[in-house]
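S.K.: Residues per chain, in single letters:
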Amino acid sequence: MSILTFVSNVLSIGIPFSVALLLAALGEMFNQRAGIFNLGCEGIMAMGAFLGFIPAYFLQNSPLAGYANLLGVLAAGGAGILLGLLFALATVTFKAPQGIAGIGLQMLGWGTAGTLFRHFVGGVTGIPGLPSLPIPGLSKIPVLGPMLFSMNAMAYLAFLFVPVSYYLLFKTPWGLKIRAVGTYPRAADTMGINVTKTRYQALAMGGLLAGLAGAYLSLGQAKMFADDIVAGRGFIAVALVYFGRWHPAWILGGSLLFSIAQSFQLAIQVMGIKFPYEFAVMLPYVLVIVVLALTRSSAVRGPAELGKAYDREKRI
Amino acid sequence: MKPSPRILYIALVSLAAAVAAIGIAAIVLAILGANVFDTFKVILTEPLKDIFGITEILVRAIPLILVGLGIAISFRSGILNIGAEGQILMGIIAAAATAIALPGLPKIVLLPIVFLAGALGGAVWGAIAGYLRAVLGVNEILSTVMLNYIAAQLYGFLLRGPMIDPAELQTGSGTPQSVRLPRSAWIDRIIPGTRLHWGIAVALVLAVLVYILLWRTTWGFKMRAAGAGAKAARYGGIKVEQCLLMAMVLAGAFAGLAGAVEVTGVHRRAIEGISSGYGFSGIVVALFGGLHPAGIVPSAFFFGLLLIGADMTQRMMSIPANMVLVLQGAVILSIISAKMVINDPYAFDKFSRALSRRRKKDESGKTTGETA
Amino acid sequence: MAGKLQKIRSLEVDGITKRFPGVLACDSISLKVGENEVLALVGENGAGKTTLMNILMGLYQPDEGSIRINGQEVRFKTPNDAYAAGIGMVHQHFMLVPNMTVAENVALGAPDFHRFMRLDLAGARKRIQEISEKFSLPVQPDAYIWQLSVGEQQRVELVKTLCFGARFLILDEPTSALTPQETDELIVLLKRMSAEMSIVFISHKLAEVTAVSNKVAILRHGRVVFSGSTSEQTPASLAALMTGHEVNLPVNNCCEECGEEFFSVRNVRAKSDRGFYALDGIDFSIHKGEILGLAGVSGNGQRELAEVIAGLRSVESGSIGMPGFELTNKSPREIINSGLGYIPEDRNTEGIVPSFSIKENLVLKDFASDEFSAGPFLNLKKQEANAEKLKESFDIRCPSVATAAGSLSGGNIQKVILARELARNPKVLVAVYPTRGLDMGAEEFIHKSLLEMRARGTAILLISEELDEIMNLADRVAVIYKGKILKILPSHQATRRSLGLLMAGITENAPGAER
Amino acid sequence: KAKVKIALIVESTVDDKGWCQAMHDAIMAVQKKYGANLVEYSYTEKMKPVDAGSAARQYVAKGYDIIIGHGAQYKNLILEMADEFPKTTFAFGTSGEIGPKNVFTYMPESEETGYINGVIAGLVTKANIIGLVGPVDGGDAARYNRGFILGVKSVNPKAQVQVAYTGSFGDFVKAAELAHTQIKAGADVLTGSAQQALGALRAVAEYKDKQIWWLGQDTAQLAVPESYKVIAAASYAYEAVVEALIDKRQSGVLGGESIPLNFSNGGFVYQFNDKVGPVLTADIRKAAEKAKADITSRKLVINWKDVK
Ligand SMILES: Nc1ncnc2c1ncn2[C@@H]1O[C@H](COP(=O)(O)OP(=O)(O)OP(=O)(O)O)[C@@H](O)[C@H]1O
Ligand SMILES: Nc1ncnc2c1ncn2[C@@H]1O[C@H](COP(=O)(O)OP(=O)(O)OP(=O)(O)O)[C@@H](O)[C@H]1O
Ligand SMILES: [Mg+2]
Ligand SMILES: [Mg+2]
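Protein chains in written order, with the numbering used here: chain X, 1 to 316; chain F, 317 to 688; chain V, 689 to 1203; chain A, 1204 to 1511.
Hints should not be assumed to be uniformly reliable.
Computed cross-link-like contacts, DSS-like style, restricted to lysine-lysine with a CA-CA straight-line distance of at most 25 Å [unchecked claim]:
no., chain 1, residue 1, chain 2, residue 2
1, F, Lys365, A, Lys1208
2, A, Lys1502, X, Lys274
3, A, Lys1411, X, Lys140
4, V, Lys814, F, Lys555
5, F, Lys655, X, Lys308
6, A, Lys1304, A, Lys1206
7, V, Lys1172, V, Lys1136
8, X, Lys197, F, Lys666
9, A, Lys1208, A, Lys1356
10, F, Lys318, X, Lys308
11, X, Lys308, V, Lys765
12, V, Lys893, F, Lys555
13, V, Lys765, V, Lys720
14, F, Lys547, X, Lys314
15, X, Lys308, F, Lys365
16, A, Lys1361, A, Lys1489
17, V, Lys765, F, Lys555
18, V, Lys976, X, Lys171
19, A, Lys1508, A, Lys1356
20, A, Lys1265, A, Lys1290
21, F, Lys555, F, Lys318
22, V, Lys976, V, Lys720
23, V, Lys893, V, Lys1136
24, V, Lys1136, V, Lys1018
25, X, Lys274, A, Lys1493
26, F, Lys357, A, Lys1265
27, F, Lys547, V, Lys765
28, A, Lys1290, A, Lys1329
29, A, Lys1356, A, Lys1236
30, V, Lys879, F, Lys666
31, V, Lys765, X, Lys314
Read the hints as simulated data drawn from the structure, not as lab findings. On a predicted model such as this, the values are computed, not experimentally measured, just so you know.
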């Protein structure tokens, strides 16, 4: 195998697999930009994956089969929004500590998805999933074509969402409000911004994206479902937000780095070089830490009020 | 006699929280077609009905207390350590390896050494995240999440390779597990026929020691100051970075010790799946207990009850195993919300004023009614 | 937006009461502001001034009472309602998002720049331009807030509020962080603006009150204790009305002999967080029992100088020392042990650990000393006794010494810091803006304490923007400008004018050039 | 005969189309055969070792006669309980050890099924590259994988088996990723074991029109929609084990034996999938049948431990 095909293989597998992480991490970025730290991402993803899967599973042989994927994506997004709002109720309205509430949400989402799946479906089950949509023309470009232009619709949309979320965050009134309530909620409040509402919106957005990330896992990536489908990817997405310093472009970079490292380690194993494979499996995790340690920049800080509830009446 | 506003307030909020928790779980149970009331009855009462249930609750509480204590130290020092899961694994490995290497020592000598080794294993793993944060400025949430995965692989590597039970290779079953620890490294059971072991005493003693460490020693003062106000602490001459590192070392040591106690008290050999999610439940227990040993101990008992009770519903009510998670999640979300509302002086102030207005109105209504 | 609506001819609050848990912040307050009037609201820390204004802005809901504009009752549920009615407020603490630009901050609060999926920053810039020209308040729309000095931020606050269409302006302690020049400019501006709008002006500086207002109201413990025309009052009479006794800020009577030269800073260069040289060859020394006042517009290196001395920032070249002890680039611990006391600029995050109790904060530097610990264990009894003693002698007002220090009022927090630092009997004391935002009572107390320290032979570096404070207390005055000491002069030679010029960087014609 | 109460404790679920389902299905089949009034059955899923301890104790308290911990991770727990409850029969696998007198162990000799799958893979591959999607290199999977490699080599020494691991039994998303990697690296026949294998099969199924094939380690895989890619599949038939447990207990033997699973004792079933079409030629089928016959008759001994 030539180096070029090796690289092209690694990339063409790694890039699509970054999508779920990317979507979830972008969602978490909106949460954190608004000052809310949501460790429950994992649970929302599990629900999203489950609901994304359900229509495809039940409608497989019905006349509605053509709409199953769309229905699944919508259901996943909707459930994500609802769970995001539930999290908002706990952390914004009742001001519950966010870390622990996040773990609660993770358990709730994961548990609900698993319980219902167990009851209505049973064991690991495949579905047709999202077809890949090679872009005419572009997908024929050698090397780059299969790498970048033969993915499914959700993947294109996810990558498209990187500039969109940049625009949303930095160029729209809504993004301005999100950033303001995450940095200095009291100032936003005195300027007539409804801090609670804005944080609810951010969490709904975060939930939506996490739900879609889940749906991508079951519909776009695995094309099947089992209750442990998320397998910690939600936590990795949260970590990637720190890696990406709350910026869509960096988050894209982090998701790609992680996924490509992942497909790289698999490719190395497949090549048959003899060494304990456990160390190969570790590679992406080690790499993320190392890259962050080497490129640290003290100037970049998180949203100043990250993790803190806001109460207008309280002085400190 | 009218109840005092404070009691009424707490009662009402708690009731609302219970209704919310049961409500969330009830939705899922209703979809399954299970009986909501019976399910909760099983969870909350069944484990307490016999000595077996009660001891199993305590068995779960032991690692939860230990991990929770470590989490309390790190959170109090301003580090969000979610790496207990990995630290537990490293503790198990270190403890098991030590016990296996020193089979000849008498229990009274060996057990402390094994505990220390476990603590050390966890401490080393914690120190990595501590160093990354204190010296290289790597966010600890990121590093601890990643280190959990790395630890899991390292653990698997050691159990499949260097530490595997030779019998597993000989008979060909090849299950990744170490040899059985020498009997001199077993923690004794307290009540024969149950799994309750003396690790509970270790956990309770350490709870007292952690209280002393955090609130009665200069090191505790330093670490809490660094966590509560890093800037002021630095101005006050406290080496904040040192405190962060120390906190992570201690948190790791506690998680590692939890692993050591679990392997010597319950499993008696290093196998996969020992931790059973204690690393995350331990965070919940610690926060639930207000990051204070006096709260962590009861909160660990409560979560032990929840785990055992929910598990029982699987067999008694044929409810899928994942329902445990739904229940835990619903309970966590509603109880912490209620706790915040109960402790919010502003909300209580509004409540008690509304209450007194109402009572006044009632009274004046009554008196005018009487005079009329 | 501005001008479209009717003018605010009168604004009345009637019987406003507001309770916080355990505190009656406003106790049935009634006040009236007429057309083009400037009402000064004064009172001790915690009298309820800010609370009342927050109610006017719709941030807090009153428990009782009503607000009327032009005789019509209004209810403000959110700040938006208040803005819509034409009321705007410059808050006591800056309400600007630091990592956004000026234009973004303005656009954030003005819904007419919120287009569908688009932020009309050009519109915001234009509005800023208009307002800043109209009121001669120069601001750069594209500068980030964190890049601006305190004075510039204050200007941005004003512009922002005016951009929101305020026709009734509330200014809550707008001058507490301004330089004398900036304060003077603001007062001139307010007088000019009062031709167009009514203004409520809150300040602890009574001279400003008499200069700018035509009516004055005094609050004490949430009640209006005096209300009348300013023209009949002097600063001294207001102070007496406020506190119930005559207030005399202590003065350093300069004639006492200072001791030998004790603390020196020689040619120090150090970088700021943003990488340029914030200290560019600073050079001075302080004698035993001397107060050296360091005047200057904030942002000229004061913060960095204080940090360098305290060991929190590294020195690139030069030296800092006391006889027999070199402080340069030593750790904060070593510097503390050498006898340096420090009152930091930001009392809430640098001076105290807010969630720690008062008694813990009082031993923040000494908890591990032999006095307060035995081996690795804390001596809680001694901690407690120490706190009780200092609470008494420094008159710290708190429910108990176990209260969280962060819940105290600003004045009391400052007393906790002062108590901790002075109780350690420092040989050198660095005090950075020690009276910012404090009322006269607290200021008097702190000034007295500093002079006592001086009398005991401590060498004191007093960093302040208050020229009165410096001229009252200092033996010599140094002026810092762009990281350099422009001049050091004995305080009897210093005048407000000469110092003001030096602070602006103008060295020619300044009298008393001397080292 | 007296009634027997059987309890099963598993780490995943009883319909995981793999390891746990095989045992569950066997118990259900035996229950059907013996009659529900003779065999009472209950199971508990998702049991980590510590949770399994509580569940097993609860089963003992409820008077269950036979408690099966389906996984060697339950070994210690079972040995300990066997000591405490000498009247109860316990069983766990995989293990070849002879346990105490009330403990049965069972041991699938999976290298046998691996070998046959390997023979087919070696003959089917055109690229001479075969992909092995391993969960971890241990236990049952290690035997299967080594048997598979030997099977390939026996018919096609030139073929290269690319072995790689996901590091997890359950992460089928990663298994799919690994299968794609294998295929990109040229593999045209793949196999793998444990629950994660379904993910790899799902990935193979995506190459619908390409000649890329799967060999299953569980016959349940022949019933999934992706089965058009599965040439053949082997699986465990625990019926023999379950019947032995019941029969021996009823004849007074509570344990103390190890029951192997292999072709000679009917512990495995092997099924070809006729739906895959011409790829499964008569020759290939014959070669596989022959290997199976040789293994069953012990003519062929698979030295799986020799494979590094
Ligand atoms: N956010 C808060 N929550 C609860 N109580 C508070 C809060 N802020 C202040 N307090 C309480 O209100 C009391 C009065 O504070 P206030 O700001 O009025 O200070 P003060 O008594 O006027 O003193 P000073 O003149 O030094 O400012 C404080 O002692 C404090 O205990
Ligand atoms: N959010 C709050 N929660 C609890 N108590 C408060 C709160 N805000 C103000 N208080 C209390 O209400 C009283 C009035 O405070 P307020 O801030 O209005 O005083 P102020 O006159 O503005 O003082 P200063 O001169 O220090 O600004 C104080 O006792 C203060 O402690
Ligand atoms: Mg105050
Ligand atoms: Mg105020």
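S.K.: Tell me the numbers of any earlier hints that the structure contravenes, in ascending order.
M.R.: Going through the list in order, the structure violates hints 2, 4, 7, 9, 10, 12, 15, 17, 18, 21, 22, 24, 25, 27, 28, 29, 30 and respects the others.
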